[in-house]
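Participant: Using the sequences plus the hints, can you model the full thing?
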Amino acid sequence: MELFWKNKDLDKRRFWAVPYIEVLVFLVVLPMIMIAFYAFTNGAGHFTFYNFVQFFTQSDAINTLIYSFGIALITTIVCLVVGYPAAYFMATRSFRIPAVMIILFILPMWVNFLLRTIATAELFGLVGLPLDENALIFGMCYDFLPFMIYPILTSLSKIDTALLEASQDLGATRLQTFFKVILPLSKPGIQSGVIMVFMPTVSTFAISELLTHNKIKLFGSIIQESINSGVMLNYGAALSLILLVFINLTMLLGKNADKESSLH
Amino acid sequence: MQIKNHRSIDRRNFTQRLIAHLYLWALLLILYAPIAVILICSFTESKVLGNWTGFSVKLYTNLFSGVAGASLNSAIINTAIIALIAASISTILGTLAAFGIHYMPSRHQNVILSINQYPIINPDIITGISLFLLFVALGISRGLGTVIAAHVVFCTPYVVLSVMPRLKRMNPNLYEAALDLGATPAQALRKVIIPEVFPGMISGFILSLTLSIDDFGVTLFTKGSEGLNTLSTYIYADARKGGLTPELRPLFTLIFVTILILLIVSNIRAAKSSKK
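For the protein sequence lines, the chains are V and L, in the order given.
Using my numbering, the first residue of the first sequence is number 3, and each one after it goes up by one.
Using my numbering, the first residue of the second sequence is number -7, and each one after it goes up by one.
I should point out that these hints are in silico values taken from the structure, not numbers from a laboratory.
All of these numbers come straight from a predicted model, not from anything done at the bench.
In this text, a Cβ means the ideal position worked out from N, Cα and C, and glycines have one as well.
It cannot be assumed that every hint is accurate.
For each label pair, taking beta carbons as the anchor points, the in silico distance ranges come out as [stated by the list, open to error]:
hint : chain 1 : residue 1 : chain 2 : residue 2 : range
1    : L       : Leu166    : V       : Glu24     : 25 to 33 Å
2    : L       : Asn5      : V       : Lys257    : 35 to 43 Å
3    : L       : Pro164    : V       : Phe17     : 13 to 21 Å
4    : L       : Ile194    : V       : Asp171    : 36 to 44 Å
5    : V       : Lys257    : L       : Leu20     : 30 to 38 Å
6    : L       : Ser63     : V       : Ala164    : 56 to 64 Å
7    : V       : Ala164    : L       : Leu166    : 29 to 37 Å
8    : L       : Phe6      : V       : Ile79     : 27 to 35 Å
9    : V       : Asn230    : L       : Leu21     : 52 to 60 Å
10   : L       : Ile194    : V       : Ala101    : 14 to 22 Å
Facilitator: What follows is the structure, encoded as C-alpha cells:
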C-alpha cells in the first residue's frame, strides 16, 4: 500500500509538464501552422498558390535564396576549418593552453552582435578594405565562430584519453590516431557546431545590412521587408515556409549522408 | 627515443606548443579587434565610431547622467526587465517541464523533446515571424507582453535541456529514501530533489538571460510599432538612421569589463576549489 502511494505520487509529477506543453502547442506548433496558413492564402484569407507562383517566377528571389545558401555554406566551412584546430588545441592538455583562454573565446558574445558588426565595418573602413562579399563572410565567421568552437570543444573534452593511449599502443601514428579516433569521436560536436553556424547565417539579414551598408541582400532581408511592408504579409509567410523547408531538407540530406558514410 | 611508451601522447615538443599558442592568440587578436575599437573609442567624444578626437570621459558622464537620451535609457531598462522576467519564467516553466517529462513514458518523452528542439533549431527570423503571424491573426496587440512571451518560447527549451540530464543522473531511490526517513513529499522535494537539479536550473537561467539580452530577430517581429525597443532593436534602428549613439560605446565597454571580471573571478574560485 505504501509503495503504491509513492508510485502514484511520482506518477502525478508528469502533469508538471502541462504548462510547458501548452506553451509548446500554442506558441511553437500553432505559430508554425500560421506560417503555412498565411503562405497558402491571399489577403482576403482565400486559398491560393499565388505566393509560391510569385516566388518561382521571380528569378530575383530564387537567386537570392541560392546566394544566401552559398554564403552560409562558405561561412560554415570557414568556421569549421578555423574553429576545429582552436577547439583541438584547447581540449588537448599537452598543449598547455591556460583555462582562461576558453573564457576569452566566449567573452565577445556579451557585446551586442549588431554593435560588433558595426565596429567590424568601421575597422574594415580604417584598414581600407572594401565592404564586399569577403567582408560579409568575415563578419559572419567573426559573429558565429564561438558557436562552432564550443560544441567541438565539449565533444573533444569528453574523449577518454585511455582510447588515445590504446591507439598509440596498437601502433597508430599521431596522425592515424587523429583521423581514426579523435575525429570520429568529435563528430557530434561538429554536427551541432555546423547547425549552430549554418542556421543563423542562412537566415540573417541584420549582419549583411549593417556590414555592407545594404549593398548585399540576403534572403532574410527579402523576408523581413515583405513582412514589415504590411501588404506582402502572405508573400513573406510563403518565403518563410520556403526557407523552413529548405533548411529541413538540408538537415535531412546531412543526416542521410552521415548514415551512409557510417555504413561504409 | 624509439620505444613508444604510453605517455608519449602527452609529450608535445616546444614547437608544437608554440604553434598552438600562436594560433589561438592570433585568432583572439582578430576576434577582439572590433571590440577594441569600441573600447578605445569610448574614451573620446567623437560622434563617429573610429574617429579619435582626444581623450575624454564625457560619454561615460553622459551615459550616467541620462543625457544620452530617453530612448536609449528606456532601451536599457526594457532589455533588463525583459531578460529578468523571461529568464525567471523560463527557469520555472522549464524545470517543471523537465520533471514532468522525466516521469513520462518514453514514447511521450520523445514527442515533447522533439517539439522542444524547434525553437532551438529554427532561425530567429522564423520564430519571430511565426509568432508575429499568430499575434496578427488573433488580434493581440504587440508590446512588452508579447516580447516576453516570445523570449520565454526560445529560452525554455534550453532550461529543459540543462535540467533533464541532472534528473537522469539522480539516484531514483533518493526520493524514496527521504520518504522512508520520515520526510513529507514536499520536504523530500525541497531538501533532496531541488538541490540535485539546482545547478542545472542556474545554468539554464544564465543561458536564458544571455539569449534574451542578445536577441534581435525575435524581438524585432514581436515588439510592435509602439516604439518599444530593446538594446538590439535600438542599435539596429540607430544604425539604419545612419548615426550610432556614441554613448553605446561606454555602455558596452562597461558590460564587457563587468562580465570579464565576473568570469575571471569565478574561474579563479573554481580552480581553487578543485585544487582543494
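Participant: Of all the hints given earlier, name the ones this structure violates by number, lowest first.
Facilitator: Violated hint: only 9; rest satisfied.
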